[in-house]
Amino acid sequence: MVKIRFSSALSNVTHARETTLDLGDTNVKAVLDKLIEQYGADFERRILDKGEVRRFVNLYVNGEDIRHLSGLNSPVKNTDEISILPAVSGG
Amino acid sequence: MSRVIGLKCRECGAEYPAVIQNTCYECFGPLEVNYDWDYISDNISKEKIAAGPKSIWRYADLLPVESEKRIDLGAGFNTLHHADRLGAVLGLKELYILDESVNPTNSFKDRVTSVALSKALEFDVKAVGCASTGNLAAAVGAHAAKAGLPAYIFIPGTIELGKIVQMLIYGPHVIAVEGTYDDANRLASEVADSHPDWAFVNINIRPYYTEGSKTLAYETAEQLGWQTPDHIVAPLASGALLCAISRGYKDLERVGLVDGADVKLSGSQPLNCSPIATAVRNNSEVVPVRNFETIAHSLAIGNPADGYYAKKTILDSGGYAATPTDAEIIEAIHLLARTEGIFTEPAGGTTVAGLKKLVESGHIQPDERVVVYVTGNGLKAQDTLLKSLQRPPVIKPMLGEFERLVAPKIDIHKQQEIAPLART
Chain A
1 MVKIRFSSAL
11 SNVTHARETT
21 LDLGDTNVKA
31 VLDKLIEQYG
41 ADFERRILDK
51 GEVRRFVNLY
61 VNGEDIRHLS
71 GLNSPVKNTD
81 EISILPAVSG
91 G
Chain B
1 MSRVIGLKCR
11 ECGAEYPAVI
21 QNTCYECFGP
31 LEVNYDWDYI
41 SDNISKEKIA
51 AGPKSIWRYA
61 DLLPVESEKR
71 IDLGAGFNTL
81 HHADRLGAVL
91 GLKELYILDE
101 SVNPTNSFKD
111 RVTSVALSKA
121 LEFDVKAVGC
131 ASTGNLAAAV
141 GAHAAKAGLP
151 AYIFIPGTIE
161 LGKIVQMLIY
171 GPHVIAVEGT
181 YDDANRLASE
191 VADSHPDWAF
201 VNINIRPYYT
211 EGSKTLAYET
221 AEQLGWQTPD
231 HIVAPLASGA
241 LLCAISRGYK
251 DLERVGLVDG
261 ADVKLSGSQP
271 LNCSPIATAV
281 RNNSEVVPVR
291 NFETIAHSLA
301 IGNPADGYYA
311 KKTILDSGGY
321 AATPTDAEII
331 EAIHLLARTE
341 GIFTEPAGGT
351 TVAGLKKLVE
361 SGHIQPDERV
371 VVYVTGNGLK
381 AQDTLLKSLQ
391 RPPVIKPMLG
401 EFERLVAPKI
411 DIHKQQEIAP
421 LART
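Chains as they are written, first to last, in this note's numbering: chain A, 1 to 91; chain B, 1 to 424.
Next up, chain A with everything else stripped away, as it sits in the complex (with noise of 0.2 Å):
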């Protein structure tokens, strides 16, 4: 099972911090159109912009950033974390 974490700033959609997908050997792709799936547009429309994730979304694999990776075609395992992040470092 994919386990995917939220942050609270998708609360008013997801109304959960977690959740959990058994897509099998996928990719983020697959798993964000599940969770729209799942969703809706709401979610769809906080995540990515024109099929894109949003400037300020940050996606992680087991902690890697997908931009690290191969964005949204990155490999998901059935065992792998997903959290969903704002964009926020620094100061």
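Calculated directly from the structure, the hints in this document are not laboratory data.
Bear in mind the structure is a predicted one, so any value in this text is a computation, not a measurement.
Glycine included, each C-beta is placed from N, C-alpha and C at the ideal position.
Misleading hints may appear alongside valid ones.
Over 12 Å on every C-beta distance to chain B, these chain A residues come out as not near it, computed from the model [said to hold, decoys possible]:
#  : residue
1  : Met1
2  : Ala9
3  : Thr19
4  : Thr20
5  : Leu21
6  : Asp33
7  : Gln38
8  : Gly51
9  : Val53
10 : Leu72
11 : Lys77
12 : Asn78
13 : Ala87
Here are the simulated lysine-lysine pairs, DSS-like style, with alpha carbons at most 30 Å apart [unchecked claim]:
#  : chain 1 : residue 1 : chain 2 : residue 2
14 : A       : Lys29     : A       : Lys50
15 : B       : Lys93     : B       : Lys126
16 : A       : Lys50     : B       : Lys69
17 : A       : Lys50     : B       : Lys8
18 : B       : Lys69     : B       : Lys54
19 : B       : Lys8      : B       : Lys312
Dock chain B against chain A, hints included.
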């Protein structure tokens, strides 16, 4: 009446009350403080500022803290040095340095932390925290100690020994994380998100925190007789500092304390970790950097959250960005110390090295009034800097020994020349 209306999304403009929140629930964009500028304009004056405390709190009318209960260790009100000797070396007629190494914990982070911890008290939080490359850790440790709040500080495991010693002395919980700052920051973000009654200064109360850096602009203008510089140079890490300085100058114009805020803003970032500076130089997207190594640990942020805005701010202002090498950064630390008597860490060296490169490339003109922000103290990075110095020879305490061993090596009648700079 209140000077703070609430928070506002920088991306989509959605508005929120002034609570512990950093992200827009509509678009995930970053939030910033939304002020009542009419109220502020009616209540601020140069005379009121002049009569205020000798710290950042003299500009309280332009900061997002309403309460009088402030955590003020004395950050700010630092000297704007007329850097005539460095200016002469670089060919600049009017160069100033705002020296942040003299703040209570020896970096500019005391400004932002003083604002953030004061706001945290307003929110009546149970604990505070941050992700840090070292300077912020010390600032949060010290201000949390004064506030009587527990602090949780997340750092990458690779930062300088001097910074670790300094942060530990204030007694916070320090969590050293495998990997880079970006890894420590992600973990801290998830911890902050799990503890809504904890205030992580540069995470969930970031909109208030970044406002503290605006005081660098206020202080500069006040010390220039309420005039603005033509050009400033600041270090780039997350990009938040440069954006805040820009807002600071615009605030002053908006409330009528200066006549114009047409300031060119340039940045400097170490070559090996330069996502923002590279984007400025290529006019391209800010591409995060995963693997990097630089001596400028406090600028080593591979995924800069404010990178997009920092790049836009620089280019919109007519500024530019430099990417000095580690060798050039060390050379610049020596140059600053030997011309102006200011000992800075590699972040400050990056800024001075960037200044030099921007002058050489013609992006800064010789007759511009230039202000450079030197943001941290060299004493924190002694292990890095020792490699560029030689320990002095030890002699017996006898005059003959001095003359035989040391005196022939130096011409005591001639002032030592400034060490040559690395050539690009």
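Structure-based check of all given hints:
Every beta carbon of chain B lies more than 12 Å from that of A/Met1, the smallest distance being close to 19 Å; the non-interface claim holds. With a least beta-carbon separation of about 4 Å from chain B, A/Ala9 fails to lie farther than 12 Å from that chain, contradicting its non-interface assignment. For A/Thr19, the requirement that its beta carbon stay farther than 12 Å from each beta carbon of chain B is met, with the minimum near 16 Å. The Cβ of A/Thr20 sits about 17 Å from the closest Cβ of chain B, beyond the 12 Å cut-off, so the non-interface label holds.
Interface exclusion of A/Leu21 from chain B stands, the closest Cβ pair being 19 Å apart, more than 12 Å. Every Cβ of chain B is farther than 12 Å from the Cβ of A/Asp33; the closest lies at roughly 19 Å, confirming the non-interface assignment. Every beta carbon of chain B lies more than 12 Å from that of A/Gln38, the smallest distance being close to 18 Å; the non-interface claim holds. Once the 12 Å rule is applied to beta carbons, A/Gly51 is consistent with being away from chain B; the minimum gap is 16 Å.
A beta-carbon of chain B comes within 12 Å of the beta-carbon of A/Val53; the shortest separation is about 10 Å. For A/Leu72, the condition that its CB be more than 12 Å from all CB atoms of chain B holds, with the nearest at approximately 15 Å. Every CB of chain B lies more than 12 Å from the CB of A/Lys77, the least distance being 20 Å, so the non-interface label holds. The beta carbon of A/Asn78 sits about 22 Å from the closest Cβ of chain B, which is more than 12 Å, so the claim that it is off the interface holds.
Non-interface call for A/Ala87 relative to chain B: violated, since the shortest CB-CB distance, roughly 5 Å, does not exceed 12 Å. Between A/Lys29 and A/Lys50 the alpha-carbon distance is near 13 Å, which keeps this suggested pair within the 30 Å criterion. In summary, the hint linking B/Lys93 to B/Lys126 is not supported, as the alpha carbons are separated by about 51 Å, beyond the 30 Å threshold. Only pairs whose Cα atoms come within 30 Å are accepted, and A/Lys50 paired with B/Lys69 is rejected, the gap being roughly 46 Å.
Note on A/Lys50 and B/Lys8: the hinted pairing holds, with a Cα-Cα distance of about 24 Å set against a maximum of 30 Å. Restraint check: the Cα-Cα separation between B/Lys69 and B/Lys54 comes to about 16 Å, which is no more than 30 Å; the hinted pair holds. Taking the CA atoms of B/Lys8 and B/Lys312, the gap is near 19 Å; set against the 30 Å cutoff, the hint holds.
In this structure, the earlier hints numbered 2, 9, 13, 15 and 16 are contradicted, and the remaining ones agree with it.
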